[in-house]
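Chains A and B are the protein sequences, given in the same order. Under this note's numbering, think of the first position of the first sequence as 1093, with each following residue one higher. Under this note's numbering, think of the first position of the second sequence as 30, with each following residue one higher.
Derived from the structure by calculation, the hints contain no laboratory data. Cβ coordinates follow ideal geometry from the N, Cα and C atoms, glycine included. Just so you know, not all the hints are guaranteed correct.
As the list claims (entries may be wrong) - Sample of chain A residues with no beta-carbon within 12 Å of chain B, all distances over it, derived:
id	residue
1	A1272
2	P1285
3	A1329
Stated by the list, open to error - Distance ranges between label pairs, derived from CB positions:
id	chain 1	residue 1	chain 2	residue 2	range
4	B	L287	A	L1294	42 to 48 Å
5	A	M1282	B	F290	19 to 25 Å
6	A	I1120	B	F156	58 to 64 Å
7	A	A1325	B	Q288	51 to 57 Å
8	A	A1325	B	L327	19 to 25 Å
9	B	G330	A	F1314	22 to 28 Å
10	B	F156	A	L1096	24 to 30 Å
11	A	I1120	B	G330	27 to 33 Å
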Amino acid sequence: MLSLERRQVDSRLMEYLSPVLALMLTIITGFLIFLGLDRDPVEGLRLFFIVPISDAVGVAELGLKAAPLLLCAAGLTICYRAKIWNIGAEGHFLMGAVGATIAALQFGEGTGFWILPVVLLAGIACGALWSAIAAFLKTHFHCNEILTTIMLNYIALNLLLYAVHGPLKDPYGFSFPQSAMFGDAALLPMLIPGTRLHIGLLFALLAAVAVGVLFARTFIGFQLKVLGEDEKAAEFAGFPRKRLIWFAFLVAGGMAGLAGAAEVTGPIGQLIPQVSPGYGYTAIIVVFLGRMRAIGLILASALLALTFLGGEMMQIGMNLPKAMTGLFQGLLLFYLLTCDAFIHYRIRLTRKHVTASAGTNTPLATQES
Amino acid sequence: MSPDMIVNILAATVVAGTPLLIVALGELICERSGVLNLGQEGMMLIGAVAGFAGVYASGSLLVGVIAGMAAGVGMSLLFGFMAITLAANQYAAGLALTIFGTGLSAFVGTDFVGKTIDGFTKLPIPFLSDIPVLGPVLFNHDLLVYVSLGLFVAVYVFLRHSRGGLLLRAVGESPESANANGLPVLLIRYLAVSFGGAMAGLAGAYLSLAYTPLWTEGMTAGRGWIALALVVFATWRPVRVLLGAYLFGLASILHLVLQGFGWDISPELLAMLPYGVTVIVLVLLSANPTRTRLHTPLSIGQPWRPSR
Chain A
1093 MLSLERRQVD SRLMEYLSPV LALMLTIITG FLIFLGLDRD PVEGLRLFFI VPISDAVGVA
1153 ELGLKAAPLL LCAAGLTICY RAKIWNIGAE GHFLMGAVGA TIAALQFGEG TGFWILPVVL
1213 LAGIACGALW SAIAAFLKTH FHCNEILTTI MLNYIALNLL LYAVHGPLKD PYGFSFPQSA
1273 MFGDAALLPM LIPGTRLHIG LLFALLAAVA VGVLFARTFI GFQLKVLGED EKAAEFAGFP
1333 RKRLIWFAFL VAGGMAGLAG AAEVTGPIGQ LIPQVSPGYG YTAIIVVFLG RMRAIGLILA
1393 SALLALTFLG GEMMQIGMNL PKAMTGLFQG LLLFYLLTCD AFIHYRIRLT RKHVTASAGT
1453 NTPLATQES
Chain B
30 MSPDMIVNIL AATVVAGTPL LIVALGELIC ERSGVLNLGQ EGMMLIGAVA GFAGVYASGS
90 LLVGVIAGMA AGVGMSLLFG FMAITLAANQ YAAGLALTIF GTGLSAFVGT DFVGKTIDGF
150 TKLPIPFLSD IPVLGPVLFN HDLLVYVSLG LFVAVYVFLR HSRGGLLLRA VGESPESANA
210 NGLPVLLIRY LAVSFGGAMA GLAGAYLSLA YTPLWTEGMT AGRGWIALAL VVFATWRPVR
270 VLLGAYLFGL ASILHLVLQG FGWDISPELL AMLPYGVTVI VLVLLSANPT RTRLHTPLSI
330 GQPWRPSR
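The shape of chain B in the complex, shown without the other chains:
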């Protein structure tokens, strides 16, 4: 394997990991507020089709990105209404969101199948992209890759060093005490869920505008679910989300790597790799339940309403 090839693989890993990073950062914030939204896959699909539709109708990538994010937020508010306002079972509500999003996106997207748009193109950062190895791996991508890294920094700083992050974590650990302290628990959870929706929409739009600038039914191919596993893998910490996203990104392009080695394996078997890797990683992580429990936001998955 030549050095060039390694650089290419690493660059492709960053691109493949970007949608995972974006959606997982959103879900991380959401889960830190104590709400588990299993609807990531559905929100991503809606974001993907809305983003594509936006660009198709207007020709502007910005409109597409905004449309994708807005659609994601809209979906997440539906979830929020059920899971937060009505205190419904979060598992069921999230599943409903995914089933609904899959159906709605396929329905809306029928007209867009086979259509093409001008998607995001590479935007090398001057000087930085000339650095050997690091340049092409990190600084020779489309705009949204840089945005995703900015989002990572923002989420990291927000959680660790801001008052808002503290409030969010307080709500996630114990809504009861947060409420007793006068925090608007439901509002904070709504905000966290909406942020998750915006990120899932953006990640979906990334797929349909940058990764493969076209729309196909079910194009997220389980990335929303992998992102959920990723948050568990990261034990709810942003830095590990970043590393994990690229690890899973690598898993999803591994078939290209193996073909590069000249391995002759059927493409269908290779397509199992990211899902298989996810299962293996889950096994390795969950084998020690105490470790997971230590980092899990305490109130996660439990519906909560103010008692009065």
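In isolation and in its complexed conformation, chain A is listed as follows:
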């Protein structure tokens, strides 16, 4: 019989192997799904995972999609390390986009090098402000942050819809629900000419490194880790619990807000209802898959960015629904959590008669421990 047995020491190897295994299992499942749909599985997987990044433009698009994921994930990592279950990156992202839009529209076609920083800061501020609500509710009213941040996500989405249907609607936009196009001074400079890749990717890489440094080198990072590992220990050590919660929320909100601002000032150039294909939710997968470490987050954000491109490719190349993206993302997270169990546990083959004679087993077990 197979049984699960707690390891004496958590397996470091499994911790790094688990994401790779999860990806392999996802690909195998994808293979089976294509078979089930009566499509050529090799061609399907090639279209999903390889074709989107087979040329320079494709790689640039990958960076374009990875940037917001990485920014959101970097912020969420700070929260999750401290076991603060902030699910609100989507809401912070949307509010960041709205905030940046409000600022950008004030300047119209004006010029000045300071316009772009002001627009981005407005996005950061709005994202942070939105997450501050959840932080306040958690520290002052002990509200469960999972539920408050989810609700705030829905409210933010409706605020965005209200904005593009009402106050921020382009008066010359033929009544389409979208804002006016931003002036050139409010747009992010391009990173690679000829592609849509803008310097938002640099912000994201910087954020990932900053989070890595925060946990590897700073006292705040240490305090956050202790708070996540053992709340009682953090209390005994006199760590300022409330201030740490505020810090985690504000930084996460600011980073996701910046991601939203970079999306409207980058590839889109205006505020539209579909500004996010669910970056804030996908970023949760990035955090778990990236093992909450800088390099891991970068790799994971690239992989999940690929699932967005792959989904689009499915629609174009195989006439399959774009929703394939969400399916692959869900499978990936599922397999990851399953594989993660083997960080703490190992499978053991036990013979029936050994388990049956529990009496002889017990003394041995006590000796071992």
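Based on the hints, put chain B in the right spot on chain A.
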């Protein structure tokens, strides 16, 4: 506001509260066993699309309801495998279920967008539906509304007056002592999680077969999450789940009420109401942590495996 209008609002409240009631009753049982399943939204979506597919393929509403519930159970078993057998983090496993369910339902449902079926129709109960006020509010609905009330009674009696309910609560309060007493903790938790899955599937099917008989991507619109808040709101007690479900139901149709008053507010702002109400209710309730802690199943959210 005329009396007729009030009756109409109350009747609509019951209908809007029904999916919340069903899914929250399931989650209540699940949480009472000590397992927190954040995957309600995902299970509801799968239930909704499976239910719709069942009716679309067979023409039978019964097949649809069974398909929805079976799909919900299937999803919950996936969660159970991770959270119970593998003792994974319940938060992460539940989130995974929601993300997976959202993706899978959108994928499966692509073919059903824009299709129509014959959904549940009103089934007035003879005599009872003729009672003034109470009749139209409670006894002039589709079959699933009555089923949801039956489920409420069943859950209430099960928890309060049955041996099974006692065992369930024992497992939720202390899996360690329950295990020491020879209770099959993991099995009981699996059963509780499956019941939660069946209810979430049924609630999803209610949306796609009765509430708005069609399928749209993400049609649950956060109801699974609201139900989770509802269970906290109800401090894990069935009667309060019932009242809460209708309260939240009222919040979700409030925009119709306000339009009835002739208020001119943008529909997008009004659509925030149920979520805003949820946050406010959470604030009011959580402000006193001792009160919540008193009623929280002790072992909730903590993975547990037998030590040997």
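Now the hints, each set against the structure:
At roughly 19 Å from the closest C-beta of chain B, the C-beta of A:A1272 stays outside 12 Å, upholding its exclusion from the interface. With a least CB separation of 35 Å from chain B, A:P1285 remains clear of the 12 Å interface cut-off, as annotated. With a minimum CB-CB distance of about 22 Å to chain B, A:A1329 clears the 12 Å threshold, and the non-interface call stands. In this structure the supplied range 42 to 48 Å holds for B:L287 paired with A:L1294, their Cβ-Cβ distance being about 47 Å.
About 52 Å separates the C-beta atoms of A:M1282 and B:F290, a value inconsistent with the hinted range of 19 to 25 Å. Checking the proposed 58 to 64 Å range against A:I1120 and B:F156 shows it holds: the Cβ atoms sit about 60 Å from each other. For the hinted restraint 51 to 57 Å between A:A1325 and B:Q288, the CB-CB distance of approximately 54 Å keeps it satisfied. Under the hint 19 to 25 Å, the C-beta atoms of A:A1325 and B:L327, about 21 Å apart, fit the expected range.
The given range of 22 to 28 Å is respected by B:G330 and A:F1314, whose C-beta atoms sit roughly 25 Å from each other. Our hint of 24 to 30 Å for B:F156 and A:L1096 is violated, since their Cβ atoms are close to 58 Å apart. At about 32 Å, the beta-carbon gap between A:I1120 and B:G330 stays in the expected band of 27 to 33 Å.
Consistency note: the structure conflicts with the earlier hints numbered 5, 10.
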